[in-house]
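Chains F and G, in that order, are what the protein sequence lines are. Mapping of the first sequence onto this note's numbering: residues 1 to 95, in sequence order. Mapping of the second sequence onto this note's numbering: residues 1001 to 1493, in sequence order.
Since the hints were made in silico from the structure, they are not lab data. Don't take each hint at face value.
[Unchecked claim] Lysine-lysine pairs mimicking BS3-like chemistry, simulated, CA-CA at most 30 Å apart:
no., chain 1, residue 1, chain 2, residue 2
1, F, Lys59, G, Lys1465
2, G, Lys1038, G, Lys1420
3, G, Lys1362, G, Lys1038
4, G, Lys1362, F, Lys9
5, F, Lys10, G, Lys1420
6, G, Lys1060, G, Lys1018
7, G, Lys1465, G, Lys1293
8, G, Lys1270, G, Lys1465
9, G, Lys1465, G, Lys1264
10, G, Lys1362, F, Lys10
11, F, Lys92, F, Lys9
12, G, Lys1293, G, Lys1262
13, G, Lys1420, F, Lys9
14, G, Lys1491, G, Lys1038
15, F, Lys75, F, Lys92
16, G, Lys1262, G, Lys1465
17, F, Lys92, G, Lys1362
18, G, Lys1420, G, Lys1491
[To be verified] Far from chain F by the CB rule (all over 10 Å, computed), these chain G residues:
no., residue
19, Asp1006
20, Gly1138
21, Ala1290
22, Val1300
23, Glu1419
[What the hints assert, rightly or not] Estimated spans, in silico, between C-beta atoms of each pair:
no., chain 1, residue 1, chain 2, residue 2, range
24, G, Phe1238, F, Asp21, 49 to 57 Å
25, G, Asn1151, F, Thr53, 48 to 56 Å
26, G, Asn1151, F, Phe88, 45 to 53 Å
27, G, Ile1299, F, Val66, 52 to 60 Å
For glycine and all other residues, C-beta sits at the position ideal for the given N, C-alpha and C.
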Amino acid sequence: MSVDHATVKKIASLARLAISDAEADALVPELNNILGFVEQLGEVDVTGVEPMTAVIPNKLRLREDVVTDGNVRDKVLANAPQAEHGFFAVPKVIE
Amino acid sequence: MTDLTDLSVAQIREGFRKGEFTAREVAEAFNANVAAAKALNAFIVETPDHALAAADAADKARSEDKLLPLSGVPIGMKDLFCTQGVQTTAASHMLEGFVPTYESTVSRHLFEAGAGMLGKLNLDQFAMGSSNETSYFGNVISPWRRSDGGNADLAPGGSSGGSSAAISARLCPAATGTDTGGSIRQPAAFTGISGIKPTYGRCSRWGIVAFASSLDQAGPMARDVRDCAIMLQNMAGFDPRDATSLDLPVPEWEAGLSSDLKGKRVGIPKEYRVDGMPSEIDALWEQGIAFLKDAGAEIVEVSLPHTHYALPAYYIIAPAEASSNLARYDGVRYGLRDLPDGAGLQDMYAATRAAGFGAEVKRRIMIGTYVLSAGFYDAYYTQAQKVRTLIARDFERAWESCDLLLTPTAPSAAFALGEKQADPLAMYLNDVFTVPASLAGLPAMSVPGGLDAQGLPLGLQIIGKPLDEQGVLNAGLAIEERAGFSARPGKWW
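Please build the complete structure, drawing on both the sequences and the hints.
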């Protein structure tokens, strides 16, 4: 499988990365080179093999069902590019 | 008086306890070395006041007989660990100016053990790279130079390249690193120091800027094996805030150090003899085998048949996880925001991410997004995770006939900056020996084995069974004692 200019633009859009046509053109051979390399995995017989989910056996722990937000709103907002009235502010999303 | 910056962590600890010098003298000596080494670009932020404050606390603790395990020891912190009140960037423009309001678990453990911080160490951007050439804050220059008389700037390895350069240049006695596919071990090998990636889950990932969560693991880098053991036991430990943290006691690895390998079987995986490997690497490997035999180990040949597929599997799994992890950088909650005039929310996301990420990070996000996208998920991602199962199974089978594995750490000595940058794949191939243990979550360490013909360090890698950091450290110690590696870079910076 390989990618073309249109596919690269589509992936960039999915990844929310603004790219120019020239950048997309440059990425086509780069990505195809990497995809060509990883494609060799197709040779491996994986019949009956389960995909890896955890490298070290470890059971998921349950915690008490209580609020643990830490009551640290101001700390959470401290690094926000724009914080207003105790909220993250973003450009208008509804008309 | 000895130069305090030549001392190891253990020697600083002992000398300070005996009253041969004060912690403040140690911190001042290292602060001076840091300040005089701007040419290496190893630090993104220097924190001399942090080191001095910890030193003063240590001097006070000594007078009150309340010493902590790392009292008097200043260290370097890879700038991937969130440090409260100190800028944490992951070497990215995206996080430039980000000042965490919390402390990562690993850095908190180290500070609670009495360590001071000399600064935040440069790295490959978001830990993606093998040469420290992807940092937004510029390349780290290795203190090592080839003996051919040329002055080519060499790579300190990556992604923990600031850590490796700083330790080998005596800017800090030890530092934290993180390892996703070799980011502790390969830079350690390139700079003639030691570094261990523990079993996945030993060190909490909480507060470490995430790259590929199923692979990321913190570990120490230092000039010898004992210092790695001391650091690791002050970094590791169960943390309920990391869902993959192992709920196990932290062993006393330093007390358990022994270079007597009688009764240990060391496997030599034949698949690691790759085509085109320089003869010097092969000779180093043979030397390592001889060292371990001399220490009493029995050498056995083993097979890890899927080794060849580790790198392609890694370059699907790691970018896939990265594309997901890095989705958090949206210009809303922290980090950079780029809001073009009249832009809506979606445009803001795309503009912010285009401006905030470097080329290699974007490349990996693109690959990761592609292999996870509808129609390709099974062919790439699921297939890679199945191959990962086979790679882990290879190791499990090997453990039936051996206790440890010995391999070279990297397929070459340090290369010159710029030499491999044009071809991402050539750069990726540097991780060929380190990636398999990462995919299987196994503890693995690099120790210096010798020098190549150009006078550059070469590393040997020891891989152990899950949770057998002690076995790995002990074999590392056996090599260290026999290699007698004492080379250090001549000071030019």
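These are the hints, each one checked on the structure:
Restraint check: the Cα-Cα separation between Lys59/F and Lys1465/G comes to about 20 Å, which is no more than 30 Å; the hinted pair holds. Taking the CA atoms of Lys1038/G and Lys1420/G, the gap is near 24 Å; set against the 30 Å cutoff, the hint holds. With a CA separation close to 29 Å, the supplied pair Lys1362/G and Lys1038/G stays within the 30 Å bound. With a C-alpha separation of about 13 Å, the suggested pair Lys1362/G and Lys9/F falls inside the 30 Å cut-off, and the hint holds.
Proposed proximity of Lys10/F and Lys1420/G is supported: the alpha carbons are some 29 Å apart, at most 30 Å. Distance restraint check for Lys1060/G and Lys1018/G: the Cα-Cα separation of roughly 14 Å lies within the 30 Å cut-off, and the hinted pair is therefore satisfied. For the proposed pair Lys1465/G and Lys1293/G, the alpha carbon gap of about 19 Å is at most 30 Å, so the pair holds. Pair hint Lys1270/G plus Lys1465/G holds up; C-alpha atoms about 18 Å apart against a cutoff of 30 Å.
Annotation: proposed proximity of Lys1465/G to Lys1264/G holds, straight-line Cα distance about 12 Å (limit 30 Å). Taking the CA atoms of Lys1362/G and Lys10/F, the gap is about 14 Å. The hint holds against a cut of 30 Å. Our distance criterion of 30 Å between C-alpha atoms is met by Lys92/F and Lys9/F, whose separation comes to about 25 Å. Simply put, Lys1293/G and Lys1262/G have alpha-carbon atoms about 9 Å apart, close enough for the 30 Å limit, and the pair holds.
Of the supplied pair hints, the one linking Lys1420/G and Lys9/F holds, its CA atoms being roughly 27 Å apart against a limit of 30 Å. A threshold of 30 Å between alpha carbons decides the hint, and for Lys1491/G with Lys1038/G the separation of about 13 Å falls inside it, so the pair holds. Restraint check: the Cα-Cα separation between Lys75/F and Lys92/F comes to about 24 Å, which is no more than 30 Å; the hinted pair holds. At roughly 17 Å between alpha-carbon atoms, Lys1262/G and Lys1465/G fall within 30 Å of each other, so this suggested pair holds.
Note on Lys92/F and Lys1362/G: the hinted pairing holds, with a Cα-Cα distance of about 27 Å set against a maximum of 30 Å. Note on Lys1420/G and Lys1491/G: the hinted pairing holds, with a Cα-Cα distance of about 26 Å set against a maximum of 30 Å. No beta-carbon of chain F comes within 10 Å of the beta-carbon of Asp1006/G; the shortest separation is about 38 Å. Residue-level check passed: Gly1138/G sits 22 Å from the nearest beta carbon of chain F, beyond 10 Å.
For Ala1290/G, the shortest C-beta to C-beta distance to chain F comes to about 32 Å, beyond the 10 Å cut-off, and the non-interface label holds. Residue placement check: Val1300/G keeps its beta carbon more than 10 Å from all beta carbons of chain F (closest about 24 Å). For Glu1419/G, the non-interface assignment is confirmed: its Cβ lies about 18 Å from the closest Cβ of chain F, beyond the 10 Å cut-off. Range check, Phe1238/G to Asp21/F: Cβ separation about 51 Å, and the 49 to 57 Å hint holds.
The given range of 48 to 56 Å is respected by Asn1151/G and Thr53/F, whose C-beta atoms sit roughly 49 Å from each other. At about 49 Å, the beta-carbon gap between Asn1151/G and Phe88/F stays in the expected band of 45 to 53 Å. For Ile1299/G and Val66/F, the Cβ-Cβ distance of about 55 Å falls inside the hinted range of 52 to 60 Å, so the restraint holds.
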